[in-house]
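Novice: Chain residues, written in single-letter form:
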Amino acid sequence: MAKVTINGIEVEVDSSMTVLKAAEKLGIVIPTFCYHPRMDPAGSCRICAVELEDSKRVVMSCVTPVADGMRVLTESPKIHDARKTNLELLLLHHPLDCPVCDCGGECPLQNMSFAYGATETRFESHRNDEPEDIKSDVLVFNANRCILCGKCVRICDEIQDVHAIGFINRGFDTIIGPPLGKKLDCEFCGDCYEVCPTGAITDQFTRYKYRPWQLEKQQTTCAYCASGCQIFVETENEAIVRVTSREGVGPNEGSICAVGRFGFNHVQIPERFDTPYMRSLHRLVPATWEDVLPEITARLDLIRKKGTDRVAGLISTRVPMEDAYVFQSFFRKVLRSNMIDSGARFGFMNAALPLVSATGTLRPLVDHEDILKAKVILVIGTDPVAESNISGLFLKRAARKERAKLYVVDSEAITLSTRAKDHIRLLPGGEKLFVSVLNEEIARNGALSPDWTARKEELFKNWNVDPGAYQRLVNDLTSTETGIIVTGRKAYRNENGSSIMNSIVRLIGSLGWAGKVGSGLFLLPENANDLGVLMMGGTHEWLPGLINATDPSSKSRWESAWGRRLSYGNGGSLGDILKGIEAGQINALISLGENPLSHFPSGSKVRETLAKLDLLVVLDLFQNELSDMAHFVLPVSSSFERGGHFVSAEGFVQPIKATMAHWGESLPDWEILSKIAHGMGESLGFESLESITAEILRFLPDLVPSSRNGAHYQGPTGEITVPVMSKTPPHKADRESVSVKYAQWQSGTVSANGEVHPILGEGDFILALTKSLFHSGKMTLMDPNLMEIQSEGKIRINRQVARKRKIKKGERVTVRSSFGSCSMIAEPSSSVAEFEVLFPSHFANEVVLGLFPPDLAFDRETGVPVQHRVRVFLETQNPA
Amino acid sequence: MNETKPVEVDLDDIEEICEGFEKREGSAVQILQRIQEKYGFVPAEALELVGDVLGIPKSKMYGVLTFYSQFYQEPRGKFILRVCVGTACHVRGAGMLVDKVKEELHINPGENTEDMLFTLEPVACLGSCALAPMAMVSGTAYGKLSPDRMASLIKQLEVEEAAQEQEKETV
Chain A
1 MAKVTINGIE
11 VEVDSSMTVL
21 KAAEKLGIVI
31 PTFCYHPRMD
41 PAGSCRICAV
51 ELEDSKRVVM
61 SCVTPVADGM
71 RVLTESPKIH
81 DARKTNLELL
91 LLHHPLDCPV
101 CDCGGECPLQ
111 NMSFAYGATE
121 TRFESHRNDE
131 PEDIKSDVLV
141 FNANRCILCG
151 KCVRICDEIQ
161 DVHAIGFINR
171 GFDTIIGPPL
181 GKKLDCEFCG
191 DCYEVCPTGA
201 ITDQFTRYKY
211 RPWQLEKQQT
221 TCAYCASGCQ
231 IFVETENEAI
241 VRVTSREGVG
251 PNEGSICAVG
261 RFGFNHVQIP
271 ERFDTPYMRS
281 LHRLVPATWE
291 DVLPEITARL
301 DLIRKKGTDR
311 VAGLISTRVP
321 MEDAYVFQSF
331 FRKVLRSNMI
341 DSGARFGFMN
351 AALPLVSATG
361 TLRPLVDHED
371 ILKAKVILVI
381 GTDPVAESNI
391 SGLFLKRAAR
401 KERAKLYVVD
411 SEAITLSTRA
421 KDHIRLLPGG
431 EKLFVSVLNE
441 EIARNGALSP
451 DWTARKEELF
461 KNWNVDPGAY
471 QRLVNDLTST
481 ETGIIVTGRK
491 AYRNENGSSI
501 MNSIVRLIGS
511 LGWAGKVGSG
521 LFLLPENAND
531 LGVLMMGGTH
541 EWLPGLINAT
551 DPSSKSRWES
561 AWGRRLSYGN
571 GGSLGDILKG
581 IEAGQINALI
591 SLGENPLSHF
601 PSGSKVRETL
611 AKLDLLVVLD
621 LFQNELSDMA
631 HFVLPVSSSF
641 ERGGHFVSAE
651 GFVQPIKATM
661 AHWGESLPDW
671 EILSKIAHGM
681 GESLGFESLE
691 SITAEILRFL
701 PDLVPSSRNG
711 AHYQGPTGEI
721 TVPVMSKTPP
731 HKADRESVSV
741 KYAQWQSGTV
751 SANGEVHPIL
761 GEGDFILALT
771 KSLFHSGKMT
781 LMDPNLMEIQ
791 SEGKIRINRQ
801 VARKRKIKKG
811 ERVTVRSSFG
821 SCSMIAEPSS
831 SVAEFEVLFP
841 SHFANEVVLG
851 LFPPDLAFDR
861 ETGVPVQHRV
871 RVFLETQNPA
Chain B
881 MNETKPVEVD
891 LDDIEEICEG
901 FEKREGSAVQ
911 ILQRIQEKYG
921 FVPAEALELV
931 GDVLGIPKSK
941 MYGVLTFYSQ
951 FYQEPRGKFI
961 LRVCVGTACH
971 VRGAGMLVDK
981 VKEELHINPG
991 ENTEDMLFTL
1001 EPVACLGSCA
1011 LAPMAMVSGT
1021 AYGKLSPDRM
1031 ASLIKQLEVE
1041 EAAQEQEKET
1051 V
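Read top to bottom, the protein sequences are chains A and B.
Sequential numbering of the first sequence, starting at 1, is according to the working numbering.
Sequential numbering of the second sequence, starting at 881, is according to the working numbering.
Misleading hints may appear alongside valid ones.
Unchecked claim - Calculated cross-link-like contacts (lysine-lysine; reagent style PhoX-like; alpha-carbon spacing at most 25 Å):
(1) Lys794/A <-> Lys808/A
(2) Lys3/A <-> Lys84/A
(3) Lys401/A <-> Lys940/B
(4) Lys918/B <-> Lys401/A
(5) Lys940/B <-> Lys183/A
(6) Lys980/B <-> Lys1035/B
(7) Lys421/A <-> Lys903/B
(8) Lys1024/B <-> Lys958/B
(9) Lys579/A <-> Lys182/A
(10) Lys182/A <-> Lys940/B
(11) Lys306/A <-> Lys375/A
(12) Lys182/A <-> Lys794/A
(13) Lys940/B <-> Lys135/A
(14) Lys918/B <-> Lys1024/B
(15) Lys25/A <-> Lys56/A
(16) Lys135/A <-> Lys555/A
(17) Lys1048/B <-> Lys421/A
(18) Lys809/A <-> Lys183/A
(19) Lys305/A <-> Lys56/A
(20) Lys405/A <-> Lys958/B
To be verified - Residues of chain B clear of chain A, computed beta-carbon distances all greater than 10 Å:
(21) Lys903
(22) Thr946
(23) Glu983
(24) Gln1036
(25) Glu1038
(26) Glu1049
To be clear, the hints were calculated from the coordinates, so they are not data collected in a lab.
Glycine included, C-beta positions come from ideal geometry on N, C-alpha and C.
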């Protein structure tokens, strides 16, 4: 500890602290340009100068450590002069084009010049006139405005670990940009543009479109992935102009990804539904709510009178938990149907079902803070950077800065592989075997039965697993103080996803991590509110609170809570719904933003099945294959124009807020359902969104909103630099009850010869549909900004294989499976495995889906569709 | 005039150069120097490969490359005419030497002749002020130059080169 006096105030601080941090502690603001709380200090901008009273020396407070007895002045005539001179020098070559600069009005350089009155310069020099680098479709670099603080370069290196830009040249000629004069090629997170203290970095989508002071800012939760990022939506006349983040705010601590930052434009394009439509003589015609609601009500009323489980419902996991709560209330109470399912069925249910049966909760055992503290991290079946970007950032930080031992098990090289201690390049198809052997090995403490030993050998011989790396993984997992397993989409959507996730959940138990603070499983949900929708009972398995929906005792709990008898049927998941429709037992389907047609090949006859419905009501933002078939299409509000709460991967319950006006006649999903219920003579009892939230919290008080700000949270004005932690109610699972439940669940042995779903078809390659970093589901294909970043799907092929087969970048190749064929644009990549080809699922249209087996196959345990990969041949199209 | 041959970079050669050095950040400059010795400049492909070998991102490698004026990103002539324009040479008429080269070869400072034989590179001082005005080509210093002697030096180099080429062809 050291005692220092700053501006006459004495304070005792840790002796490793810098003068700047010590001043922060006292609430004294020292101006900075190059300092950034999440990064190592650079000391390059010289604006944070302070005076040492004893030696009369001027030092840079961001890099000077405190010393015992130090007396510091942060403001003095000498300091004022030093800073003013500094600004004069910074402005020497600056173009002073503030009137046309996007940063004007929120520019730290402008504000500082104003504060220190650097109005005239004693020096004579030329103004910079380097042409702008506009090669990139996303970011524009204007070297003239740059003050070379280096924050952009450092955030790209230290926080993002992308290293896309650097300093070029030397001295006065130094500029910042991508290497070799090429076009910027990076993750387009836009963090560099966020931290830039001048207008040197701007983006192509919003530049010259706003004056910062005319924008209204509203903090909300990003609705794409489940990282739970806090974003600021900035609007002018109720139209979204840009999305920004703020240092320290939210679990994302101020970083957001490309999708969150730039994917806001699809909600305000003319293609969006702005009025209800109803079918008339085989065409959908625009109508009013007054026309469609009585019509829907009457038809639903007839169908529900036929019996229970007559109406099926599908709900997207991008809606707030309030809507999911109303959705299941409406179906179970009013329509007496439990034939409901959510978008989580396409993957996440494979994880949710074993986890809930093992722990009774979907709340995670660990969060991002635990990731930073973990000593060993195993990333398996996921590319966190693409799937849940901010979780990816924390993993990068854990491996780079906190020196966690990171293991990656994946066939392809993911972004994190370069930071991994070992990257176990398992061949595609061996995932199930890997996790089951790993679990058995750890559960039995290495004493494997002959059957299991044989399977372990198989792993090394047939699936390319390096025995040394495997052993190191086992040793590290079993001996570590704290360990975390991270898994996601690729595991859920594996053809053996159900048993893979079962083994992973078992593995946590075998390792004894259920009761070990700081250790556990961290699941990356596929969508923003997978957790929230399931917690609200958005699937047939669970009532709100994740209790069994068909068990009489749990049913009676909600019966007494709701004060009415629940007489729905046994219900079923997507597969059962399709079967029911086919058999004529289900006559109506209401879909809230889900489109099953986009998941199955046309040969699966899902379209023909859905055509048998007497009533199909689609609530969506955009036209799609399902809405084309609908009897009624109802326009819904997007997450930018309504309220509600999302549950993040870390278990935080965070609000989304209305930031723009309702688009046309659109309404929130819950309101539409309430109106239909009302028309049917039943009241759900909800007059407003607040009344729904209140009811949820009354019955499930642990869902009280929670969040976490970064350690460098700066307060709402951004001017107070005292770190303030926001109130954090428990967001993680309760360890005690989880470990008790775990012990009960984990019994019995697992057979070494369990059934394995093979990857079907014939071919030299395995085609997998992956998630792109620049899209989220299919909705973002409507976003003009994100389409500018990635406009088409390309098939990624191993670089050596491509060279051998003479496949060039950008060339078309024919991909042929036993079920169909299609033409795709090739993109050789060094990260893809030799026997694998990858295509972004967002762009998987009917033709691409035609490569997959046409039979509908669902996992027996979890009801999740099993075909996500298929064997294919590649044929070049260039004439020999 | 000879046709300019595009420089082909053999990545195996670059790897071989890298093998001679320890795999640490500090080796970057030395490796780049060796590559420049071989090709006369640092080709972009080579830069990327060295970055991969040493585990240094491309953006940082490019920063190093552009920081030092000793590195070139474009091919250069076989003979680099380093004409000293330091103070001593300047007062003794270095400017006229530069003008002569410009006139003879039709190139500006920093440029190559079309046949890639010469590059004009005025330098600040070569430390041989006693020989002013002077120039240096391929490690040999030529002192007490005049514009005419400069012209004959260029001629001489051209003749030598032609002879060498012929010798190669006969072999």
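Novice: Each of the hints needs a verdict: does it hold here or not?
Specialist: Going down the list of hints, with the structure as the test:
no. : hint                   : verdict
1   : Lys794/A <-> Lys808/A  : 12 Å, holds
2   : Lys3/A <-> Lys84/A     : 30 Å, violated
3   : Lys401/A <-> Lys940/B  : 19 Å, holds
4   : Lys918/B <-> Lys401/A  : 38 Å, violated
5   : Lys940/B <-> Lys183/A  : 16 Å, holds
6   : Lys980/B <-> Lys1035/B : 13 Å, holds
7   : Lys421/A <-> Lys903/B  : 18 Å, holds
8   : Lys1024/B <-> Lys958/B : 23 Å, holds
9   : Lys579/A <-> Lys182/A  : 54 Å, violated
10  : Lys182/A <-> Lys940/B  : 14 Å, holds
11  : Lys306/A <-> Lys375/A  : 59 Å, violated
12  : Lys182/A <-> Lys794/A  : 21 Å, holds
13  : Lys940/B <-> Lys135/A  : 20 Å, holds
14  : Lys918/B <-> Lys1024/B : 31 Å, violated
15  : Lys25/A <-> Lys56/A    : 23 Å, holds
16  : Lys135/A <-> Lys555/A  : 60 Å, violated
17  : Lys1048/B <-> Lys421/A : 53 Å, violated
18  : Lys809/A <-> Lys183/A  : 17 Å, holds
19  : Lys305/A <-> Lys56/A   : 88 Å, violated
20  : Lys405/A <-> Lys958/B  : 51 Å, violated
21  : Lys903                 : 15 Å, holds
22  : Thr946                 : 5 Å, violated
23  : Glu983                 : 29 Å, holds
24  : Gln1036                : 36 Å, holds
25  : Glu1038                : 33 Å, holds
26  : Glu1049                : 36 Å, holds
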